[in-house]
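K.L.:
Listed here are the chains, written in short residue letters.
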Amino acid sequence: MAVAHHRKIIHIDMDAFFAAVEQRDSPQYRNQPIIVGGSPFSRGVVATCSYEARQYGIHSAMPSAHAYRLCPQAIFVKPRFEAYKAASNHIRKIFAAYTELVEPLSLDEAYLDVSAAEIFQGSATLIAKDIKATIKQQVGLIASAGVSYNKFLAKLASDMDKPDGLYLITPAQGPEFAEKLPVNKFHGIGKVTAAKMQALGIHTGKDLRELSLAALQQYFGKSAAHYYDICRGVDHRPVNNHRVTKSVGVETTFQQDISSREEILRHLQDLLEQALQKAADKQLSAYTLTVKIKFHNFVQITRSRTLPHTVTQAYGLLEELIKNTGVGESSVRLLGVTLSSLQGELIEQRFQQMDLFRDF
Amino acid sequence: MKFIINREQILSPLQQIVSVIEKRQTMPILSNVLIVIENNTLTLTGTDLEIQIIAKLDIDPAEAGAITLPARKFLDICRLLPNQADIKIERQDDKIKISSGRSRFSLSSLPAENYPKFVETEFNNQFVISARKLKKALEKTVFCMANQDVRFYLNGLLLNISNQKLKMVTSDGHRLAIYEDVLEQPTGYEARIVLPRKGVVELARLLDDSDTEIKIEFSANNIRLYINNLIFSAKLVDAKYPDYAKVFNQPFLNTILVPKQLLKETLSRVAILSNEKFKGVSFDITTDSIKISAHNPEHEEAEEECLCEYSGDSLSIAFNIQYMLDAVSNLNSDMAALNIAANASTCFIEEPEEQAYKFIVMSMRL
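Protein chains in written order, with numbering that gives the first Met the number 0: chain H, 0 to 359; chain D, 0 to 365.
Worth flagging that the hints you see were computed from the coordinates, not collected in a lab.
Since this is a predicted model, take the numbers as computed values, not measurements.
The reader is advised that the hints may include incorrect statements.
[To be verified] Calculated lysine-lysine pairs in the DSSO-like style (CA-CA distance at most 27 Å, straight line):
no. : chain 1 : residue 1 : chain 2 : residue 2
1   : D       : 116       : D       : 96
2   : D       : 214       : D       : 166
3   : D       : 276       : H       : 281
4   : H       : 322       : D       : 290
5   : D       : 72        : D       : 55
6   : D       : 276       : H       : 291
7   : D       : 135       : D       : 259
8   : H       : 291       : D       : 22
9   : D       : 276       : H       : 221
10  : H       : 245       : D       : 278
Model the full structure from these sequences, guided by the hints.
P.N.:
Below, the structure is given as structure tokens:
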């Protein structure tokens, strides 16, 4: 029997996750505009806001001070990450009952591959509905679900009738769906590529479809094959239940801009120690260190260095990285440190390079 | 200022000067070359404030003066003019007119007074060495020098003079190269200085295989070399070079002798399937044989046996294959002599007949 075998992918996205956890735990917050994030009188930003707050035009990543101006009666709540983490773990346990192919994207989002599931006669839509109901009953939170035959379309689907949504994109609808989509909504097409495409007169999936693979390769190099596929509603990426951490990072926005070089170095050293701890928790060590600096005027730069050995404490290196960056001249509002080129310590132990000056 | 110079006379010193000038500059004038005419001598200077090259050229009687010009543009103009062309350079207000045959250029300039002075402290030590020897010493050590290591003193070369003995050492912590020689003349002093990486790399390019004597002067902060009509200056790395001597004071197993070319080819073949990042390969050494094997995360494997001369206990040891290849490739003899430390931490790679240089590669823990 020549039946095309389509995968069944569900994308679950929690609605206003942090805000919803707060409203669940504090009844007085219910039906109120809740903003989880930094204080409006500091430099913080909105992490998540409730749907009531969204009506005022507030959205995540907006400076809290701006949100306050839009809606002074909003309730600002400091994030409680332990509570979110606990809720997230609970939700992941629920997923595990349906399939072992779960790929969490963040605390509040995950892909599930239910192609092999047998309950509900394998109906992905019914499974999604059941997952939503179980989350609501056991965790007390609302999720939106997208169902389709690949990750890219499932993610688009979960966004279709948020909040409390359940949306299906069938294999027959997929290509048409992709055709109508503006290019910046495609997986893997970011701001820069989208702008490049606009400049080339490519605005939608349909425009993208009109280009041959060779033409795409000419403009977009390595990514061409992926673009060629997704504009036809094709996405071969598997649901990956053992995602590898590619980088770990920490950053901090200061209450007040800082300008002294020494102070900046001290903060970077602090951040580096936190990042190293985070990496160590995951049993990883890093070869690349990246420093991010956002100046008072929001100009942001990064400086990066890959070492022949793993990053340990690196005061001299931090000093070197901030050379010729304007640090010490312009004041700084945000600093960040990211570790990448990660290697599991197990591999590390297999072949560990001895050092003339350290191992003697 | 006004002078005429033959293309062949100015081209090579100009090229040498431009190579020290950084492409991206914090101070615009540092992209320029300083040109001074005085007593029928043309002096060209280029610097990045860490190193400086000065070239002195004799010219026909000319109008004295001093100015700075965009170095790369000036070089490109000279380079692309025909062979043996006479190039006329003349200042007109703040522009520099360059003409040759039917070509005319007008370059912008910056005043010579603004050109930063390369600060040097008084030189209290000096010695001489032939260009050929110095070139060889650098060639045999440069490849082990660290690049952008946090231990910044490793991004340089240790020059150690102990009366008549000369020692040069480079290391990135994983491997080390050492070159030892005897100077023609005793110096009567003991000194250890660290030359910066860029200076070493530039210097190696300035030297040829001739017997020309090179005078070297240095202080605690600076070094200066006189190479024909060039003066090369560099600021020294202000740090103590770490103690590497311990690596020599340990018991070793019997020497392993391997045909060098065979070892090099074997290593190159096995390297194809080593882990791209760590480059680790295993050496299983038994009587008269080394089995070199590699595998990578894609579960591909390579293995090759190499006949050698060795009697002693069998051992297994791992190395970064690139380090091994670099060291073996730098031997000039037909055979390579490998001396492995009894605790399997270190391998010395040298020529069977004692040579001025030897290389050390640290092992990888299995």
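K.L.:
Going through the earlier hints one by one, which of them does the structure break, listed in rising order?
P.N.:
Violated hint: only 4; rest satisfied.
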